[in-house]
Amino acid sequence: MEEKELPYVLTDTIGGPHGVYLEHMEFMKKYFNLVAMKEFPENQKYLGEKIKAIYIWWQKPAVNRELLQSLPNLKIIANFGAGVDHLDLKLISSFGVKVTNTPLAVSNATADLGMALMLASSRRLVEGCQITVSPDTEQFAADWLGEDVTGATLGIIGMGRIGYKVAKRAKAFDMKILYHNRNRRKEEEEQAVGACFCEKMEDLLQQSDFVMLVVNLTPQTHKLIGKRELELMKPTATLINICRGPVIDQDALVEALQNKVIKAAALDVTYPEPLPRDHPLLKLKNIIITPHIGTATKQARWLMMKSIVENIFSALNGLPIPNEVFP
Amino acid sequence: MEEYELPVLLVNEVGGICGVLEAHVDFLKTHFNLITMKEFLENKNILSKKVQAIYVWWHKPVIDHELLQSLPNLKVIANSGVGMDHLDLKLISGCGIKMANCPHAVSSSTADTGMALLLASARRLVEGCQIAVSLDTECFAPDWLGEEVTGATLGIIGMGNVGYKIALRAKAFEMKILYHNRKQRKEEEEQAIGAIYCKKIEDLLQQSDFVMLAVTLTPQTHKLIGKRELELMKPTAILINISRGLVVDQEALLEALRTGIIKAAALDVTYPEPLPRDHPLLKLKNIIITPHLGIKTHKTTRMITEEAVANLLAALNGLPMPSEVLPD
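These protein sequence lines are chains A and B, in that order.
Its first residue numbered 1, the first sequence is counted upward by one per residue in the UniProt record's numbering.
Its first residue numbered 1, the second sequence is counted upward by one per residue in the UniProt record's numbering.
For the record, the hints were derived by calculation from the structure and aren't laboratory data.
Warning: the hint list may mix true and false statements.
[What the hints assert, rightly or not] Calculated cross-link-like contacts (lysine to aspartate or glutamate; reagent style EDC-like; alpha-carbon spacing at most 16 Å):
(1) B:Lys227 - B:Glu188
(2) A:Lys298 - B:Glu147
(3) A:Lys168 - B:Glu174
(4) B:Lys60 - B:Glu273
(5) B:Lys234 - B:Glu202
(6) B:Lys171 - A:Asp174
(7) A:Lys98 - A:Glu324
(8) B:Lys60 - B:Asp85
(9) B:Lys299 - A:Asp174
(10) B:Lys299 - A:Asp143
(11) A:Lys298 - B:Asp143
(12) B:Lys299 - A:Glu147
(13) A:Lys223 - A:Asp249
(14) A:Lys90 - A:Glu324
(15) B:Lys199 - B:Glu187
(16) B:Lys50 - B:Glu39
(17) A:Lys260 - A:Glu231
(18) A:Lys306 - A:Asp88
(19) B:Lys176 - B:Asp136
(20) B:Lys171 - B:Glu188
(21) A:Lys171 - B:Asp143
(22) B:Lys60 - A:Glu255
(23) A:Lys75 - A:Glu324
Can you build the whole structure from these sequences, using the hints too?
Below, the structure written as structure tokens:
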């Protein structure tokens, strides 16, 4: 009897410094025939019919009309990561193709990084490391001080899975927690983390010592934080971004940091990534920028991959799809 | 009528790199006649008998036999911080002088420092910042990874005020918490943080992904972590020290980091501080060292001075001191 062939899944690159990890490949081989983009053009006619799923790795391959048209049996586009702002959801849906992301797998690692950035920024950790190794350092100055995280007020904008996990962690530091979200959370959920809902974002901005951005990037959240919002923040406040660069008006942020409208910023995400090497944000003293490492742990990436396998498997077998994203 | 004179408080200096913070001076002056060491030495004959209290700020002034002998009416010494290892407790106590530290003011800030170092080290934050600004950076590599903190095992050595607060914070990251301490904590305290007691330090070392040192420096904890202890740790483990440099055998640590016996270290304290500029620890890639940040915030330093003043005033008024330190 003919053995059933494993479904074909298209991805960008396999292996190497930029491709799907080889350890992940080993696992996925049991479920799929993974095909790299470079193989596709040569074998377009043959593979075109066979490919049922696309595995989006680092926002590639770019999903445009041309690609969609060349894959008549495509059922699902599975994204590695939670953010799908790089995908044209309406276009994809018009081809009858489903889209999934991996929101659960990213949540712990991203929440942890949000806390790491808040602590590093407030305690001047990066600057401190530079002082300890600098050839000019003769002694540690007693008047070189940071700010406490314990007992401070954290305003979380975006109280989804990640935002909620940030709140749980922050609560253990006796922080006062405010949040702003499209929808208010249930009372028990609020009480569990001691979070106060701010229906108006302005209230959150005016009261917070730390403002943490944890929203999806949508047309509504594009440049959510601009000149006006930065001016509403305390001059002693720190802005932390762990979601998407375009949520902040970067030019307004440069100005706010230069003029001390806010005290400091800590960004895991910018627009673009990386920033041009001469970008003014890179020159400021009151900012720390990390290279989009929100999910950069072995464990998170492994869980994300398994989530993709599950999403694709479910879609191709007519089962309920765990993490479908709708336009 | 004789005006009530405020008691004379001696500090080493005010302001600058080493001195008592300028921001605290007004507060100190509401309770004391503040004099600096310079003023004292210039006017030793008159001031010698007047000094009743000393506020030791970042280990100065050095309290030695000579100083104590020149202050016949000294009643109390308060230390800005919790570690008293730089003070000869027996000598001071032998002169009938009371001593105090500031255990309450320091604990949250120090615990926050411990968590900051743990997270920064696990997620390679400092290295990441360098990549983000480096002129050579063209793209961010997908295969650049750190270690997950959520769900990992944290072993806390020293479960005093600071250790306990670290455990409270780590619990919110769903970390598995092991601890080793001179004494086991009460069951309710253990349950509140989900911590498991390891009577033998070896058990903690062998199971932990992160080992955090939060002990006081005593003869027993001197070089507590040496070659043997480092070899017991997992090769994927990270050592974090927020207690005192001397708790770790620095030579052994250097060797362990160079040869991959442990994965990385994050030190807020070293011996000495700062390290000599050519010290090999400063050159390693798998270490982050911070300049004794432990309590260095505006709020906490203020709380420390307030706690010190409360102790000084209690001692001068013959009242029980909030945090008296007795020699062992």
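A quick look at each hint next to the structure:
no., hint, result
1, B:Lys227 - B:Glu188, "violated, 35 Å"
2, A:Lys298 - B:Glu147, "holds, 7 Å"
3, A:Lys168 - B:Glu174, "holds, 10 Å"
4, B:Lys60 - B:Glu273, "holds, 14 Å"
5, B:Lys234 - B:Glu202, "holds, 11 Å"
6, B:Lys171 - A:Asp174, "holds, 13 Å"
7, A:Lys98 - A:Glu324, "holds, 7 Å"
8, B:Lys60 - B:Asp85, "holds, 13 Å"
9, B:Lys299 - A:Asp174, "holds, 15 Å"
10, B:Lys299 - A:Asp143, "holds, 12 Å"
11, A:Lys298 - B:Asp143, "holds, 9 Å"
12, B:Lys299 - A:Glu147, "holds, 7 Å"
13, A:Lys223 - A:Asp249, "holds, 5 Å"
14, A:Lys90 - A:Glu324, "holds, 14 Å"
15, B:Lys199 - B:Glu187, "holds, 14 Å"
16, B:Lys50 - B:Glu39, "holds, 13 Å"
17, A:Lys260 - A:Glu231, "holds, 10 Å"
18, A:Lys306 - A:Asp88, "violated, 24 Å"
19, B:Lys176 - B:Asp136, "violated, 39 Å"
20, B:Lys171 - B:Glu188, "holds, 15 Å"
21, A:Lys171 - B:Asp143, "violated, 32 Å"
22, B:Lys60 - A:Glu255, "violated, 42 Å"
23, A:Lys75 - A:Glu324, "holds, 12 Å"
Consistency with the previously given hints fails for numbers 1, 18, 19, 21 and 22, ordered from lowest to highest.
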